[in-house]
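Chain by chain, the residues run as shown.
Number of protein chains: 4
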Amino acid sequence: MQKKILLTDCPDAKGLIAKITNICYKHQLNIIKNDEFVDRAQGRFFMRTALEGIFNDATLLEDLDMALPAGAERRLVASGRKRLVLMVTREPHCLGDILMKCYAGALDVEIAAVIGNHPDLGALVEKFDIPFHCLPAEGLQRAQHEEQVMALVDDYAPDYLVLAKYMRVLTPEFVARYRGRIINIHHSFLPAFIGAKPYQQAYERGVKIIGATAHFVTDDLDEGPIIEQDVIHVDHAYSAEAMAAAGRDVEKSVLSRALQLVLQERVFIHGNKTVVFK
Amino acid sequence: MQKKILLTDCPDAKGLIAKITNICYKHQLNIIKNDEFVDRAQGRFFMRTALEGIFNDATLLEDLDMALPAGAERRLVASGRKRLVLMVTREPHCLGDILMKCYAGALDVEIAAVIGNHPDLGALVEKFDIPFHCLPAEGLQRAQHEEQVMALVDDYAPDYLVLAKYMRVLTPEFVARYRGRIINIHHSFLPAFIGAKPYQQAYERGVKIIGATAHFVTDDLDEGPIIEQDVIHVDHAYSAEAMAAAGRDVEKSVLSRALQLVLQERVFIHGNKTVVFK
Amino acid sequence: MQKKILLTDCPDAKGLIAKITNICYKHQLNIIKNDEFVDRAQGRFFMRTALEGIFNDATLLEDLDMALPAGAERRLVASGRKRLVLMVTREPHCLGDILMKCYAGALDVEIAAVIGNHPDLGALVEKFDIPFHCLPAEGLQRAQHEEQVMALVDDYAPDYLVLAKYMRVLTPEFVARYRGRIINIHHSFLPAFIGAKPYQQAYERGVKIIGATAHFVTDDLDEGPIIEQDVIHVDHAYSAEAMAAAGRDVEKSVLSRALQLVLQERVFIHGNKTVVFK
Amino acid sequence: MQKKILLTDCPDAKGLIAKITNICYKHQLNIIKNDEFVDRAQGRFFMRTALEGIFNDATLLEDLDMALPAGAERRLVASGRKRLVLMVTREPHCLGDILMKCYAGALDVEIAAVIGNHPDLGALVEKFDIPFHCLPAEGLQRAQHEEQVMALVDDYAPDYLVLAKYMRVLTPEFVARYRGRIINIHHSFLPAFIGAKPYQQAYERGVKIIGATAHFVTDDLDEGPIIEQDVIHVDHAYSAEAMAAAGRDVEKSVLSRALQLVLQERVFIHGNKTVVFK
Chain C
1 MQKKILLTDC PDAKGLIAKI TNICYKHQLN IIKNDEFVDR AQGRFFMRTA
51 LEGIFNDATL LEDLDMALPA GAERRLVASG RKRLVLMVTR EPHCLGDILM
101 KCYAGALDVE IAAVIGNHPD LGALVEKFDI PFHCLPAEGL QRAQHEEQVM
151 ALVDDYAPDY LVLAKYMRVL TPEFVARYRG RIINIHHSFL PAFIGAKPYQ
201 QAYERGVKII GATAHFVTDD LDEGPIIEQD VIHVDHAYSA EAMAAAGRDV
251 EKSVLSRALQ LVLQERVFIH GNKTVVFK
Chain W
1 MQKKILLTDC PDAKGLIAKI TNICYKHQLN IIKNDEFVDR AQGRFFMRTA
51 LEGIFNDATL LEDLDMALPA GAERRLVASG RKRLVLMVTR EPHCLGDILM
101 KCYAGALDVE IAAVIGNHPD LGALVEKFDI PFHCLPAEGL QRAQHEEQVM
151 ALVDDYAPDY LVLAKYMRVL TPEFVARYRG RIINIHHSFL PAFIGAKPYQ
201 QAYERGVKII GATAHFVTDD LDEGPIIEQD VIHVDHAYSA EAMAAAGRDV
251 EKSVLSRALQ LVLQERVFIH GNKTVVFK
Chain V
1 MQKKILLTDC PDAKGLIAKI TNICYKHQLN IIKNDEFVDR AQGRFFMRTA
51 LEGIFNDATL LEDLDMALPA GAERRLVASG RKRLVLMVTR EPHCLGDILM
101 KCYAGALDVE IAAVIGNHPD LGALVEKFDI PFHCLPAEGL QRAQHEEQVM
151 ALVDDYAPDY LVLAKYMRVL TPEFVARYRG RIINIHHSFL PAFIGAKPYQ
201 QAYERGVKII GATAHFVTDD LDEGPIIEQD VIHVDHAYSA EAMAAAGRDV
251 EKSVLSRALQ LVLQERVFIH GNKTVVFK
Chain G
1 MQKKILLTDC PDAKGLIAKI TNICYKHQLN IIKNDEFVDR AQGRFFMRTA
51 LEGIFNDATL LEDLDMALPA GAERRLVASG RKRLVLMVTR EPHCLGDILM
101 KCYAGALDVE IAAVIGNHPD LGALVEKFDI PFHCLPAEGL QRAQHEEQVM
151 ALVDDYAPDY LVLAKYMRVL TPEFVARYRG RIINIHHSFL PAFIGAKPYQ
201 QAYERGVKII GATAHFVTDD LDEGPIIEQD VIHVDHAYSA EAMAAAGRDV
251 EKSVLSRALQ LVLQERVFIH GNKTVVFK
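Protein chains in written order, with UniProt numbering: chain C, 1 to 278; chain W, 1 to 278; chain V, 1 to 278; chain G, 1 to 278.
Just so you know, these hints were derived from the structure itself, not from any lab. By construction, the Cβ of each residue, glycine as well, lies at the ideal position given by its N, Cα and C atoms. Take these hints with a grain of salt, some might be off.
What the hints assert, rightly or not - Partner residues are not named here, just some residues of chain C that face chain G (Cβ under 8 Å, in silico):
{"id": "1", "residue": "P92"}
{"id": "2", "residue": "H93"}
{"id": "3", "residue": "G96"}
{"id": "4", "residue": "M100"}
{"id": "5", "residue": "Y103"}
{"id": "6", "residue": "A104"}
{"id": "7", "residue": "A106"}
{"id": "8", "residue": "K127"}
{"id": "9", "residue": "R248"}
{"id": "10", "residue": "D249"}
{"id": "11", "residue": "S253"}
Looking at chain C on its own, in the form it has when it is part of the complex (with noise of 0.2 Å):
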């Protein structure tokens, strides 16, 4: 018996859950968890069939590419490990938390290597036995610097590459090169304080809820399509300082929370939005 998740992206049309799940039947495919979503502005359909049997791939997609109108897309997701980068700069707190839960395997995932621009975190993702590359910016123009990170990422071949507050903006060649496997984490509730220092702004504007936002990175800096976000309390007594040390906690949980949700295939990207099925 194998788990395999079916999932399925198509312009609308009738009897799609019946079509979909029929193909399973014959297939005499088990159902564990379906999760279906129409976005009826748009006319678009979004499924994700949770299945477990014995798979012929090969024959379960061609039928299901009969039975799907123009237009759709369909992947077949074997249950397994998926592989991960990390890009970090300094700060220790959300690559900790993921590596923790890595290690206690509350994440099932590889981390095959972590890329930092600086050499602080290197210590510290060596205890877990886990390759660290420092490669600094500076000196190096912008692209140069890319192309040394690009050549490092593709020797690892990750199904997604994490930024787990990698405080460097990515060009739209490396964006384009890794469309849609890109995860980061920004520390504010977006789209409230986009750009640099959020925790400043948010103590300059005196607001009583800051929060976290991890979404798929875009050309647009801070705008790519949201995963999750969380938010705490906080009072006229926070300095800057403060809400960035209480902040620290929400940034990694909504992270580790996004990074789950990705790799239990739960998240479609639609335009610039997601379709969660948690």
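Starting from the structure of chain C, add chains W, V and G where the hints point.
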């Protein structure tokens, strides 16, 4: 075009989603939203299918009965206003929230009548042109009092009875007569602080969080299937009275949310638990 | 025995707590609750002292004026019911919650009158025996309309004006006339989604959390000092309308909580921020 | 310039704030933050005063002792790193979070050693160059095992003992030896689900919220003074195992927050409750 909701609750079996959605497709009904859950430990399947189209109820149900396993329960419910009878004692906050939400159209329901064992809330109910009946319990045996209440309730033939801070314990006879149709709000995060004076108990225990629980009423006091719960943070500075005051906002919002879920046919009773499709 | 609240807002200096509490002690006043905050960046001291005893206001304030540094503001406020005028347009949820809380005694305040620029909410207000005035803006210059509103407001001499979903922008003249006394509820988690149609903006951005913000009104739209904020989680299945419906419960509870804080003299305005002693 | 915290816990009396802050002022100490609470039912006064200046501890305490009523307890605590011994069994999540927070400097504490009754977590602890001692209980009387533990703990002379998922019940002798200095994390929202397997109990009851509780350990199992609690929402789709997995994040954050509060001297034990100045 009509909208109806198909509710299926049956022993688990292979191909149930395919079979049911196929029948819907054959009847040219469009599935707006489908939710399903399998309790694997109990081998029980639950599905809520929101449908749109032209319904032939009799043949649809016939087709379903042919397809579903023995022991299946299925209901096809027309969207439409349910009727409530509310039961109250003296506290206005839950009653007031329901009255106001109905007035504003946020809760699509008909409040047929309000029954109080004290006269205090009559004036409030009558502002909204809803009948209020005061049935005092003083000087009556419990059974006698309940007979009066049941006679009155039955006159109104409500779909659900909502205990909006009705501070009397119901007899098994009363509960049996409206089985699965009585919704209560308990002023604690059950199963903590079962029974009387939960805020006093919470104060004495020194908890840092208090809550409220909406549940179906069964014979065991405060032990019925939980529909919805929520909490708020408190601290050492809250007296039992301050906890009660703070708790009222949670009580009212938990009861209103639970009621909304029930009215939208999102709640299955499953033994002593619920399956709630949000 | 009387209860009063002493509010001190002055340049920071050594020994302020000792000096103020000493004076209270000398006057044989018992401190029930004391809260203080120093904004070190701005060098400003804030203290709220809840007192009990026999007050000689004149000599107490005289003693304080001797002890406090130049530029100090201090107020001694008798506990007692404040007067409100509410301003509304068409949506009943915030108005309804305030009306119901006053009726239930959960908000100790006198609602002197409700002013609407549409007639829709008149029937609801009058259920509670409170004067409702409809002042339509159609066919009037903004200044003309506001003159009518201000004349009416001034007749009622309220302590605070509460904009309970009043959907018009106020002129600087209006804001200046009631500086620091106008409380607004904005239907987003400010500073995200400033301006019109925040739920539509939130929907288009694909956020996973929506919120509400209660703030004092200043000349800059949606930029006044924030008193209270809260949020709820949403997902891809929420349309803009569903977000608006879900948001109403947050809006009403945030506005009611902010109002309660202001009425209990827990809020200092501090530049474009607030200091709130909960 | 030094920073110290003055903690006062005494019978309530008039003028206590004035007297204490006066003495601080006389000693030319600046009050950075002052928090006080009076339990009126018990007639007890609590104050935490964060001070800055040049301290003469002996005369300061002498002055205080003259001013405070009989039965007063007061402590003057230098800011500085406390020493912890952690006790664990097999689960790494709470331990891992504390280790990582210490590594990152987010928790300013020295972890002197970790003691496990199983060897499983030794490798993790040693990554951080902290001594790990495995003291298996198998084949020993409870008293014998605890003697070994106490001997080891005493060698390290910690300020606090943190039970980071230590799955053994402690004897009254053990508890008495470290009274008020043992912090435990319980994997439920106490007082719900006292005792073993709280997630299984929560699953069986069908609750919609699960939580975690950090508390001081007393002789009564799970009945000690609560320091911090938090919850997360769950639904019918969570098995007992899924609840346990989801609960781990709450457990670790509640324990870390409680520990931070204790380390910052923000927690008074008050009978079977706590007073916590956040």
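Against the structure, the hints come out as follows:
1. Interface hint at C:P92: satisfied, since its Cβ lies 5 Å from the closest Cβ of chain G, which is below the 8 Å cut-off.
2. Given the 8 Å rule on beta carbons, the hint for C:H93 holds: about 6 Å separates it from the nearest Cβ of chain G.
3. Hint status for C:G96 relative to chain G: holds, with the closest Cβ pair at about 4 Å, below 8 Å.
4. Satisfaction of the interface hint for C:M100 is found here, the shortest Cβ-Cβ separation to chain G being roughly 4 Å, below the 8 Å cut-off.
5. Taking 8 Å as the C-beta cut-off, the interface hint given for C:Y103 holds, the closest approach to chain G being about 7 Å.
6. Annotation: C:A104 was flagged as interfacial toward chain G, and the flag holds, the nearest CB pair being 5 Å apart, inside 8 Å.
7. Among the interface hints, the one on C:A106 holds; its C-beta lies about 7 Å from the nearest C-beta in chain G, closer than the 8 Å criterion.
8. Against a cut-off of 8 Å between C-beta atoms, the interface hint on C:K127 holds, since the closest Cβ of chain G lies about 4 Å away.
9. The criterion of a C-beta within 8 Å of any C-beta in chain G is met by C:R248, whose closest approach is roughly 7 Å, and the hint holds.
10. Checking C:D249 against chain G: minimum C-beta separation of about 6 Å stays under 8 Å; hint holds.
11. Interface restraint check for C:S253: the shortest CB-CB distance to chain G comes to about 6 Å, inside 8 Å, so the restraint holds.
Of the numbered hints listed earlier, not one is contradicted by the structure.
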